[in-house]
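From first to last, the protein sequence lines are chains A and B. In this text, residue positions in the first sequence follow my numbering: the first is 1, and each later residue adds one. In this text, residue positions in the second sequence follow my numbering: the first is 1, and each later residue adds one.
In short, the hints are calculated from the structure, not lab data. All of these numbers come straight from a predicted model, not from anything done at the bench. Be aware that a few hints might be false.
Stated by the list, open to error - Beta-carbon label-pair distances, calculated as ranges:
| hint | chain 1 | residue 1 | chain 2 | residue 2 | range |
| --- | --- | --- | --- | --- | --- |
| 1 | A | Glu136 | B | Thr136 | 34 to 40 Å |
| 2 | A | Glu161 | B | Val76 | 44 to 50 Å |
| 3 | B | Asn708 | A | Ser215 | 41 to 47 Å |
| 4 | B | Lys771 | A | Gly63 | 57 to 63 Å |
Claimed, not checked - Here are some of the chain A residues that sit facing chain B, going by a computed Cβ distance under 7 Å:
| hint | residue |
| --- | --- |
| 5 | Ser119 |
| 6 | Gly167 |
| 7 | Asn198 |
| 8 | Tyr208 |
| 9 | Arg211 |
Stated by the list, open to error - Where chain B lies over chain A, by a calculated footprint (3+ residues, C-beta under 8 Å):
| hint | stretch |
| --- | --- |
| 10 | 95 to 101 |
| 11 | 107 to 115 |
| 12 | 142 to 150 |
| 13 | 176 to 184 |
Every residue, glycine too, gets a C-beta built ideally from N, C-alpha and C.
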Amino acid sequence: MRKALATFVEGYWPPLYTFVRRRGYSSADAQDIVQGFFVHLLEQNTLSRADQEKGRLRTFLLGSMQNYLLKQRERMQAVKRGGYQQLVSFDLHLPEAEAAMHATANLSDVGSYDLAWASTIVIRAWKNVRERFAAEGKLEWVDQLRPFIAGGATAAPKQEEVASRLGTSVENLRVSLTRLRQHYRNALRAEVASTVSNPGDIDDELHYVYRLLTS
Amino acid sequence: MSVVDPQDGSVGICATCGKSLTHPGPDGECVHCLVSFGFPSEEEDAQQEGVPGRAIFGPLYYGHFEVEMNDDGFPVVLGAGAMGVTYRARDTILNSTVALKVISGKLAENPTARARFLREARAAAQIRHPNVARVTHYGEQGGECFYAMELVHGETLDARVQRDGPLPLALALEIIEQTARGLAAGEACGVIHRDLKPSNVMIESDPSGQLIVKIIDYGVAKVMAGDATVETQAGFIGTPAFASPEQFDEARHQQIDTRSDIYAVGVTLWYLLTGRTPFAGRSIEEIRARQTEPLPLEQLKAARAPAEVIALLKSMLSVDPRNRPQTARALRTTVHRCHLRFEPAARRRRKYLVVTGGGLVLAIIFAVAANFFYQRARSTSELGRSIAVLPFENLTPDAKDQFLAAGIQNEVLTKLASLADLKVISRTSTEEYKSKPVDLKAVGKQLGVGRVLEGSVQIVADKVRVNVQLIDALSETHLWANTYDRVFDDAFAIETEVANAVAQQLDSKLTQRIRSNRPTANGAAYNAYLRGVGLEHGQANDSSAQEAGAAYVEAVLLDPNFAVAWARLSLIRSFLYSSGIDREANSATAVKEAADRAMALQPDVGEAWLAEGAYRSRVLYDVPGALQAYREAQKYLPNSALVSEYMCLAEIRLGHWREAEAHFLKATELDPRNVRLWAGIAPQLFEPLSRLADYGAAIDRALEISPNDEQAIIQKASYLQDSGRLDEADKWLARLPNDSTEPVVLSVRAWVAMYERKFDLALFWTEQATKSLKSGKPLSFADTWVLVHQGYCQEWAGHPDKARATFEQVIHTIAPTPGSVIPSGRETRSMLALAYAGLGDKTNALEQARQAVADFDKDAYVKPRTERYLAEVQARCGDIDEAIAALPHLLEVPNGIGVNNLRYSPFWDPLRKDPRFQELLKHPPAVRY
């Protein structure tokens, strides 16, 4: 349970952090709040009930956080730094979260949250696929193919180059890309599915994520 | 790795999509790109083409085709070869499954090859035949070419023989016969396959379990010819074991024609019978060597092939193409004979139903009609004297000689048609057939003839060569053939010779000689004339009629002595005159002038008399005089459906309905596939008689011949309206373009809307029509009708002021001053009457209405219409008793009122409550004639 929780928390803290920062809290305070929030969820046993009733995780967490913040004033005094369990380890990815927050300064608090959320989903799905291919010994392929799939700061090379680097034909390359794509689509869908309790909402949530990131 | 600059916290930009990398992945992934990767939409794929780095990755889509994926995420591959790969794909628009062939990179990169490929795909797409897998779509994407093919749900001959071993003789012959048919279809389109082999021939079962052969990958191999990058190592195209000797010889690559394909079919037949190819070898050289050696006939003997089949194979596998069957047609005939020999208790495989369009009813109608006409010529000698002259093949691709073949064919046809003892089918009905149709028996049946004449025209040096073959349609055997060579200037003289020779063949007792005069020496004039004839038989609307007229004008300008063109010009003009279109160009004088010119030039030509008759009928309203002229025309044109058509129309005008019907039937016998007869003439015959079943059947026949014919669709709607099936009428009208401005389309739309009491809608339609009316210009009859009814719709829709203005406009245009001469034109005066009635001017309304009736007292066709309008005027003006009193007569008389008109037309609303009216609706009298 602890491990599962850790994974869960690790995945979803950035959007919440962004949201709280957007609300005007300092980085230090925001970290405390997010920590406290997760503890609060754990204490309420809310997380284990998430599957049954919570509808969509994205909105559930957002709503819960908004509620939580309302009562924050009252809690402020009770908070002591480092006084409770460290559920979230911020150190590793805090700079990114900060940067992201700044970069989306033009958005509202919920807007930043949503964008961060969608990005999280998309990246988690990608990591998933990557792990799968790595398990098959094809990690090199995935990494070589990444520019065609996930863009990036540097321009993608030509397919022929990559094909010869991998020692294969362009034809085969394309087939692999197709396969990769299929996997990614499935992974993306699975990722979204894990955040909604009603399967009927999957498509809608998926499209919401898509719209958030392509508009 | 972070893309955030730690110094200033700025984020990077994705090089692929250009968006900010605000939330990069652990390795700098762009989430926007990622999500797009997971969400391919068609727009995405299209956009990606130009984006560097993103451009071409294993697409799930080619155009609007989505490649099917199996469970591992791999695409479903139907086959792969040197040229590319074939996927199973789904047409996302039609939601059907196709075979999608994607041509591989190297070939696709070469723009010349691509262009050639497109040409081939186009040619292959022309081949419409049950034995050829249809090419339905061609596309290019991301530097690749692909095309979509009919998906064959069966297996290749290859797979079949490998699985089950050699095939039984009858089955093998059946397969080869169907292959030859497919090949013949390709031949007719000028496409050579070049790579025929068992893996390119598939067999499937149709829904009734019959075997159908499908040739796939037509013409694609030809594209690669001469393209060094794609040839195999030995510089060779095609599959060696099945390739003909000339394909091995680079020097002769240009000369490869159908006979090479025939060779390949020979090897295939061998393979089907023995399970092996006759020329086995491990290398191209070995195979090539074997080809010149004697055939290993012991293999065939082991398969117990009969002598006939062995002989057939020997001929097909001759090294010298000249010793093989020369055309796919010839091959098919030979195989067919073989097949019949060895399958005498023939479960004759079903012939392809040529019925197009939908519906069991249509099929029945067609079958009945075809049989009817076929039975009419039942006796052998009668059948033997009936002939259809198919379009001649033009073997000379030079543009200026384009109409040579058409002209010669037309003349041969015309000359044959001048012989009263022969039944010769009109050009319209044969036009749509290819020069060498595959299924002659069906053609014969459809047209009701026992003989068919095929021909080809070619320029050889300075001579014109005409080659003709007379074929028995029933048995599909050649009866006679001949070749004529003439110096170019004298080309037209061939026709008389050919016609005479054919006539002699059909009936050696024919003593009447064919006249040898030519209609015109001027090729350009003749072309223009043919163009006009073509336009007349195309879409039947005012604009095509006018264009046809212009074509005839061109013809006579080029050759003022071209009598037939003058005659046809006169015919068009009189038609336009009677519709009130462009009375300036189509004045009474203009009609007469053209008719007179024709007659002066050639009084012994049927068309001149036809024109004279039409002038008398349409301009002078002298119908009996017109009939006399038509009878004269018939002497010179005994096989003219056109003359019968005009006679039909004349008899209708005189109220001789039975005679009219006889003429109509004769016309359809001579020209069974003339849409104008079914969609234009039949309604004028059946609707006035309230013979709705016949009316409907005729329109269905027209639609079966030409499903998108506008006139037929309009008539279908009209028929449904007359039958009281208004919803269906709406559905049919919806097939026509919404923005159509054809007056007749808008009139019918408005009329149906009026029946449905949708007055605002009716107004919408009438306004479309009246929008383009220019003030001051004389109105055609259709325009007047629309305007008057617009006024009434305005009133019924609750705009009395607009209605008044419209009625006044009508009156002003038709009769601006009290003493104006009312333009002639059948119902103009009646419309004027209705306009007066709309204004409440009872006196003038009744006066004009009664005068209209008097004007047409002798015209059995128009008079009842004027009587109807009189009754409408009376109803409108409050003379209820008179109106009701007129109705029984109007229901009984041909061309009076149909019962559904009474039921639905708003004009009768003032009478509806009257019990006498209701009684009539319940028990309407039948039409009497």
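Which of the stated hints cannot be reconciled with the structure, identified by number in ascending sequence?
2, 6, 7, 8, 9 and 11
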